[in-house]
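Number of protein chains: 2
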Amino acid sequence: MGSCCEKVCGVVCISPGDSSGVSNSGESSKESSRCSTPVLDTDRTDRLRDKMKRRIESGDHWFSLEFFPPRTASGAVNLISRFDRMGSGGPLFIDVTWHPAGDPGSDKETSSMMIASTAVNYCGLESVLHLTCCNQTKEKITAHLNKAKRLGLKNIMALRGDPIGEDWVEEDGGFNYATDLVKHIRCEFDDYFDICVAGYPTGHPEAESYDNDLRHLKEKVDAGAHFIVTQLFFRAETFLRFVKDCRAIGITCPILPGIFPIQGYHSLRQLVKLSKLEVPEEIMQVIEPIKDNDAAIRSYGIQQAVEMCKVLLASGEVPGLHFYTLNREVATIEVLRQLGLWAEDPRRPLPWAVSAHPKRKVEDVRPIFWASRPKSYIYRTQDWDDFPNGRWGNSSSPAFGELTDYYLFYLKSKSPKEALLQMWGEELMNEGSVYEVFTNYITGQTNPSGHKVMCLPWNDDPLAPETNLLKDELEKVNRRGILTINSQPNINGKPSSDPIVGWGPAGGYVFQKAYLEFFTSSENVTALLQVLKKYEPRVNYHIVNVQGKNITNAHEMQPNAVTWGIFPGREIIQPTVVDPVSFMYWKDEAFALWIEQWAKLYEDESPSRMIIQYIHDNYFLVNLVDNDFPLDSCLWQVIEDMFALLDSPRETQEEGSQL
Amino acid sequence: MGSCCEKVCGVVCISPGDSSGVSNSGESSKESSRCSTPVLDTDRTDRLRDKMKRRIESGDHWFSLEFFPPRTASGAVNLISRFDRMGSGGPLFIDVTWHPAGDPGSDKETSSMMIASTAVNYCGLESVLHLTCCNQTKEKITAHLNKAKRLGLKNIMALRGDPIGEDWVEEDGGFNYATDLVKHIRCEFDDYFDICVAGYPTGHPEAESYDNDLRHLKEKVDAGAHFIVTQLFFRAETFLRFVKDCRAIGITCPILPGIFPIQGYHSLRQLVKLSKLEVPEEIMQVIEPIKDNDAAIRSYGIQQAVEMCKVLLASGEVPGLHFYTLNREVATIEVLRQLGLWAEDPRRPLPWAVSAHPKRKVEDVRPIFWASRPKSYIYRTQDWDDFPNGRWGNSSSPAFGELTDYYLFYLKSKSPKEALLQMWGEELMNEGSVYEVFTNYITGQTNPSGHKVMCLPWNDDPLAPETNLLKDELEKVNRRGILTINSQPNINGKPSSDPIVGWGPAGGYVFQKAYLEFFTSSENVTALLQVLKKYEPRVNYHIVNVQGKNITNAHEMQPNAVTWGIFPGREIIQPTVVDPVSFMYWKDEAFALWIEQWAKLYEDESPSRMIIQYIHDNYFLVNLVDNDFPLDSCLWQVIEDMFALLDSPRETQEEGSQL
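Chains as they are written, first to last, in the UniProt record's numbering: chain A, 1 to 659; chain B, 1 to 659.
No false leads were mixed into what you were given.
Since copy identity is lost for identical chains, a pair holds within one copy or between any two.
Listed below are the simulated DSSO-like cross-link pairs for lysine-lysine, each with C-alpha atoms no more than 30 Å apart in a straight line:
| # | residue 1 | residue 2 |
| --- | --- | --- |
| 1 | 534 | 51 |
| 2 | 534 | 53 |
| 3 | 53 | 549 |
| 4 | 533 | 53 |
| 5 | 587 | 533 |
| 6 | 51 | 533 |
| 7 | 273 | 310 |
| 8 | 452 | 600 |
| 9 | 494 | 361 |
Because the hints were derived from the structure by calculation, they are not lab data. The structure presented is a predicted model; accordingly, all values stated were derived computationally and were not measured.
With these hints in hand, go ahead and build the complete structure from the sequences.
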């Protein structure tokens, strides 16, 4: 298959039939009258090469981060958290290395393919997948590329890779050089992938000569590569001479220096051995005397990298810096901070993390319910071809993914069972024990056994800065059994650059309606419903139990926008809504988390487990929205009125239960 | 065709093939992810019978208005203006009578068909078209109904009509009674039309007996009519007895009393003669002595109608009142005002008048450019099947209707040529004469020849209340050759019930970005462009001349929302935008109006004509939007800066013209 193309590269080839139609259909999604998002943030829709071009034109330096795939599942969970943290600093892209011995193209949670896919789809990062071709068949390579395409990956770092074993010889018509891989990608996939290739500032260790190596690099670029990332080096002049030499022989694409902040004596030794690089004398002289002092070496490494990067950036030859992170974050972030490249206050294009999958590029609105579980939302909607899928209510479109499918490793709690028990209680006495857990999560105080509650089944992370604004009120109501899992304050036109609630392009204004989502007992709900009559039509409510008994004053099909923004020269953006249809899908997930994440920590039939089961079976999930966003939120008053009614003599309460 | 159906009515018949597919395709327009408008205002999408049902259930009394088609084209222009004025009072529907002798189904601007179509499409009024069947072939009737459907009409008043000539005899299988017409409509068009039939509180003049007539009415309703409007009457008890008798024989649909406020002695005499009704003695006794005093009779008629209507409404039997207006407005409006049924502050569902054509029911956004020419916009987009037509920019969709087509009578100026010359100048001396006309339009002052400028080619009506807010600023700039044709102030969250700028459901907030649209000289534009650099990105501009030279800092495909509203339990509504694509269509229209409406008032080659032609050929059309809606508009400052630059010594201006 496809071998006919080998000799005619440059001519457009027909891509062989494959299942990539899935992502194609997303790409060419039907014309829609909504046009806000594609233009909202051109960065989201452009190809990597276009983003680089724009940043180069505007003189806006960038950075990128290289990671290797983890060895274990818990390592994968940690790496993905790191993606989220380091992603917030604003890398132009990240890349994931490829080690043929590690089954890199498999569906294992630790494979290069799955890690890169997670970075794109769940962390919203522009990602480059490495791919090596040495000792591979064309069919295998094509299959990897098709899979990458299907998963939403759009960029490949094309490498030869190290021959396995000593007796490797060039094969006729096989993949002997990265150039062959570049040609193959362009031939089989036309212009679909952006392609990166490796440059060697001191020449490839196996190259006959530096000049010969430069010619090879020129061939790779001429075959269709879009940019070059270099091997690490220790002196700015090494890189700058290399760039000059590249330009001299007609290489015009971006060339990104590979930066390696020295982080320890042994990792440096190992790297040098593998890469066959020589560490300059002036560096060895500093390091040797402190080789047993990790902190001192790292501190030196940071300083050395910062100095070198400053020279590089000042040269005018370097549009962006590529960091070899070794999957660590402290040193790289510190270097970036000192260089002023780390986005301390990252601009959020939307209030939720945008997936980088190309078929989701038109996604511009999500239900609020998954605000603390965005990966779950992405997972459950991954089969959709358009966003929002007929506003979630179109029965002819694919529904939300099944709950039973989604307990993938990256949706699990990051904490081990023991830690969860410490946080949520080795033994629960009654419902009040549960109220305490929620309250401690809000306040950040330690529980009786001395542990902080860092997460809840519905909230994998500590309280958001925005939710912190509501902390006192939240504490008060959780203490009394209003078990809050999601909330936001009202916002009446804050600048889009606001560090806590801002999002979207500069010069705009963002708005929010206050909302509150919580579990509470049916007794509370009965009183609440009576109180809510006084708040019509100001407050919209959705109240549902696990059986699906659903009480609402909202239109059955009408979403309620709760976050929106107004920007110069743009249409209104309304990225989050409370919508009645998806609420019923969320309800299943929200109730299931009681059992799957909490009850199952305890033995069958144990009192603790039965308490959680009781809450699961009897409590209601309540969502309240205060529509009057310019006024102070009335939702706290609603709750207070509810408690006042419950505390009042029986006769002032309405006759009979409404439930 | 279709005669097979006659005996099997009640069984669903297949509608015969016809060109009504046009409106069908609008009806079943493709699923869209936008769902704001259909739910925004259920009133707009429901059928007339549903609206009545809801109003009856909520005890909310309504009124409706009957008109007859005009005899002349200028009468038609007047009647349409009356539709706009009387439509603002909030009728549930209007109806247009049908006179077989007057070619009522033709395309003439005065035909019943075209008047009803105009009411629906251009005035946004729920409309009922009368149709008589006596002496008509089935084919002719079906053709009328198909045409009505195609034009967006959804309601028919089914009447027998008066036989033409004395020698009329019943035809076998022909249309002898209104019942036959009702059956035919239901048979050929299934449930498509809402059907109204006539009731006679004192019995039909030709009926054998009152009871016999009631039985006929029962037959009409059983054949498929949805509601009844009665012949006029003079005593409340006449109607109330009639309703009681109807209910007694099982007529359950709404029965609306026909109200005729006596407006003059002669019109009363004529009506009585035609309808063979008797005027009660107590009324004649009042009227006879004052028969030559029109004002006194009208005053009495108003008082008499108000008293009778109060009794009717108080009876609990009357959900709404139907007024025989005789195409006059004073008396009917006064009666409605006294009854408290006239909507003094009509709730606008959107800031522009919504068309009542069923295929436009999803329309929820329009370009601002046609703000003062909404009928032109509707006309130019009448061939569209979806709104907004791929945001106006989709080349595969039908484009805006050609300018050459749209000079229909109802898009012409309402004023005759003489009046226009008096307002706009019998003779223009120079461009300054034109500035004066614009300035006088803004200020409302008389021009040197003593006439007020009540309209401009781009503004058929006096200044809107909202524009009045900007009056002083507008006067100042028009005086200096900034010839404004469209503007709005910024609004930062006023209640949706605000009498001047409010629209949409209660309990919401409306917002606006300030904008300004004007013609001005190329010298001014050169200075303006230099000034605008200081206002980036706060101000978006579109500047174009008649040749299409287009200067803008806006994204080529991105509309800028300039009016939006936030409502309880709803998505954001953004009904008006400044959009780059439709601006270029508007530009053609805006420039053409200089020539078509103004220049052509003057002789060929006359200096006046040449002045207008010069402006048309050399001026630019400028649109400015101030994106920073929470702050005071900066647009006046922009204009001042422009004049300051023009007034400054040459060297401070930039070298060379930018145009």
